[in-house]
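Peer 1: Just so you know, the sequences run in chain order V and G. For what it's worth, full-length UniProt numbering labels the leading residue of the first sequence as 1, then goes sequentially. For what it's worth, full-length UniProt numbering labels the leading residue of the second sequence as 1, then goes sequentially.
Hint data in this document are derived by calculation from the structure and do not stem from the laboratory. It cannot be assumed that every hint is accurate.
Note that identical chains are pooled: a pair holds if it fits in a single copy or bridges any two copies.
[Said to hold, decoys possible] Derived DSS-like pairs: lysine-lysine, alpha-carbon spacing no greater than 25 Å straight-line:
1. K374 with K141
2. K316 with K257
3. K411 with K277
4. K257 with K226
5. K374 with K12
6. K277 with K316
Being a predicted model, the structure only gives us computed values, none of them experimental.
There are 2 protein chains.
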Amino acid sequence: MLELFKSLKLDKNSSTPLYIQLSDKIAEMIDNGILLADLKLPSIRRMSSLLNVNSVTIVSCYKQLEIDGYVHSRPGSGTYVAAVLPDRSGNFSDSNVILDELYQSDDLNLINNGHIKINEDTINFASATPQSNLFPVENFKLVLNEVLDRDLGNAFDYQDSQGFYPLRSSVCSLLEKRKIACSEGNVQIISGAQQGIDIIAKALLRQGDYVITESPTYTGAIAVFKSRGAEIADVPLSNDGLNLNILEYNLKKYKPKLIYTIPSFQNPTGISYSNEKRQEILALAERYNAYIIEDDYVSGLDFENMSFTPIKSLDKSDRVIFLKSFSKIFMPGLRLGFMIVPPSLKGYVIEAKHATDISTSGLIQRAFDLYIRKGMWDEHFEIMFDIYRERYNKTVKALDMYLPRNVQFHKPGGGLNIWLDIPSNCLVGSLLKAASAENIVFAPGRIFYSSTPTKLNNVRLSFAAVHTDEIERGIKKLCELISYFDRGESLTGNIPIL
Amino acid sequence: MLELFKSLKLDKNSSTPLYIQLSDKIAEMIDNGILLADLKLPSIRRMSSLLNVNSVTIVSCYKQLEIDGYVHSRPGSGTYVAAVLPDRSGNFSDSNVILDELYQSDDLNLINNGHIKINEDTINFASATPQSNLFPVENFKLVLNEVLDRDLGNAFDYQDSQGFYPLRSSVCSLLEKRKIACSEGNVQIISGAQQGIDIIAKALLRQGDYVITESPTYTGAIAVFKSRGAEIADVPLSNDGLNLNILEYNLKKYKPKLIYTIPSFQNPTGISYSNEKRQEILALAERYNAYIIEDDYVSGLDFENMSFTPIKSLDKSDRVIFLKSFSKIFMPGLRLGFMIVPPSLKGYVIEAKHATDISTSGLIQRAFDLYIRKGMWDEHFEIMFDIYRERYNKTVKALDMYLPRNVQFHKPGGGLNIWLDIPSNCLVGSLLKAASAENIVFAPGRIFYSSTPTKLNNVRLSFAAVHTDEIERGIKKLCELISYFDRGESLTGNIPIL
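Required output: the full structure, derived from the provided sequences and hints.
Peer 2: This is how it looks when you write it as structure tokens:
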């Protein structure tokens, strides 16, 4: 075995670093079954003397192999060939995309158990986040470096829990355009919208308190409220927003502290509230002494100029907590967002933020502030708007063309999601399984409910992560499968998995 | 008034940008009282025509003035001279340092109300975090750029909630040296130790559950447990760790789910647990079915080679959650740390992390991983170790020399804090007020208790943020004040503020 390694030839004059040359060769030997699972690789010292290279090269090589999933190290023992080898067809970032929504649901098991595979060729209607090749990495690198040169160590010192003041100021400027009045003192910077919901829950809710949510709604919000020990009283959505009768009934009966709503291009349904409904919900919140979280999910992606009024802009009595992620349609891994907090809650929110993580990363806050100030945010948003609008149009057009007539869908006019009501004899689980065999995935509607849904036959299609050229082919195939199942031609032997 | 602005001369050929030239001039006019509080500045359009410069210049200038605190903008209304002008003697990062520990305590009011001022010349024994000029900004910039070039958009995509796999792997390598066995699967990356405590609380505690803490202890932990609705049963510290009789009594009586402990160089007391006590506490946790959070605050700062055994390394029955911040003595604003989580809790912890903020910033995780892999972390730690050891030695020496004989203090042998037991007729509040008049601050012991402390006469001195050359002067002055108050020469007319 040692002879095998000794025979490896490394080129010290190559521009490829030695450790990469070596890790490539070892990976190849593992791929070809020359080195078998659980085989212990030679120690760092032994290997470096065998190959006559520096031990740092071997350390780096073994680390690289570990990153790539070829080996694992056991502390104090050594480095071993992995038992389960990396799947060369997929990669980290691809398999991660679907996790966005499905992560905390049982459906993750579908992925983990191999029922659903996501790889580079998958047409992924399950993810509502952009593909990473659309991220403005170069510009962000520019502002990061400018901030490091400008702020030096201050960028890494403890930050104000409420957020970097200039960033709060930039947020106010952005909101002016949306007719939302705010001052730096009411802006709370957060590490993404998910954290915002968590902080509000921490500031407002005690075990047993009630929260009103839309039904269906964002899975991450359900998870927070449940984790806080709160009870969820959900209210069904009509095509123009929450059902007001049921809302008022629930407000009277449960006296909830909080109403969680996504009024524009709702996740998952795509529904937007009419302006009248926005007014009425605000009035009800005032009457029954509840706060509203207005989760501004993707209101800017308004492809048909519907210009809905933010509830916050109507809010004269400080009932509305306005919540927005910067990362959602920008760069999800950035973890950055903000809230506009009513003065009555501000102290509690700062305290909750401090107890949560002291502050959001100073470097990220400062870099993003500069990104806004340089006009790059507006510029990037316009680019993304155009891309998403094209994808939206393609998706709607393909659905119009290929969907069986008995399938309902509402054209949202914006956002990232389309919600299908498929025929009840077409089981969503079977459809998902069959689609995934054709390399197409989507999010089953069931996961967006906090309790057992009354309807099981919904599908959320997101077009954010599907390349424009793939949309028609994907929708067409999916529609064929729906027709197929609808005609009762269930694939024999397949047990529905949902 | 408009004439006044019109007369301003800007140099278009200067290397100083026009907006900076202009904001400097306006700031000067405000400083000199030429422009008074609440005066509305000319609109962007008006100002740009008055000065014959691009409107972008005016936008940037007003923004700069806002960042510097000279003006504030009212949405839809205009830009106004601020009523409270910036204090030129302090700056953002300095005034922020003390916030570290005092933030959530009433003592913040002392700062806000102007009783305690922190500026560049303050000898700050209140902060246990390093000065920002010690941060390795250049090296971190290097790894950030390398990661951006290497990972491109992947650095900003959704990340695994458990953490970036290679970073978890690097954490395991670091822990091997400490004889703590772990695998990537048990490492949870967190946005700082504070978030770790919050996530554990979320995963384990329901309202009304009991938690055992040391008394006194880290204020941030108290805040988390209280926010979760948990009851705190605190246990006093002896010189070698928790009082075991009271610990067992509380375990029997309250059946707590969790014991929160900082066994090495405890915050705030500096006390370290004997190795025997570590064993016994672990045995008690097993017997009474509680988990232990071992907060590894600064165990590496072991200046006298006491080589305490981490409780986690003794943990055969997976009772211990090992918690460590990377940011604490590195760069606090980075917000990065990790936990080793027992397999029985792992699922709950990942779920709680996901509901908290989905994941920690991908860019920061990847950059820090590379920082470790390049050996920069070990290198930087050694530099900081030497600096802190020198400051520790200076502090202890000065205390030995200048403290009145009736003041007790325990030499911790490591860490960042020294805990003084001052004579009870020297009120800590009066001492703090008098010291701050001499430009010296410290943390009053009272804030580290979850309920009314039995003793009020403690002081925590941290030497992390005090320049080595300032230590002797600061300690000497502080000791003089203690003697002064102890002799009963209370400053007449001063009402004690604590």
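Peer 1: None of the hints should be skipped; say for each whether it holds.
Peer 2: Right, here's what the structure says about each hint:
no., hint, verdict
1, K374 with K141, "both (13 Å within a copy, 21 Å between copies)"
2, K316 with K257, "within (18 Å within a copy, 45 Å between copies)"
3, K411 with K277, "within (19 Å within a copy, 66 Å between copies)"
4, K257 with K226, "both (14 Å within a copy, 20 Å between copies)"
5, K374 with K12, "between (44 Å within a copy, 21 Å between copies)"
6, K277 with K316, "within (16 Å within a copy, 59 Å between copies)"
No hint from the list above goes unmet by this structure.
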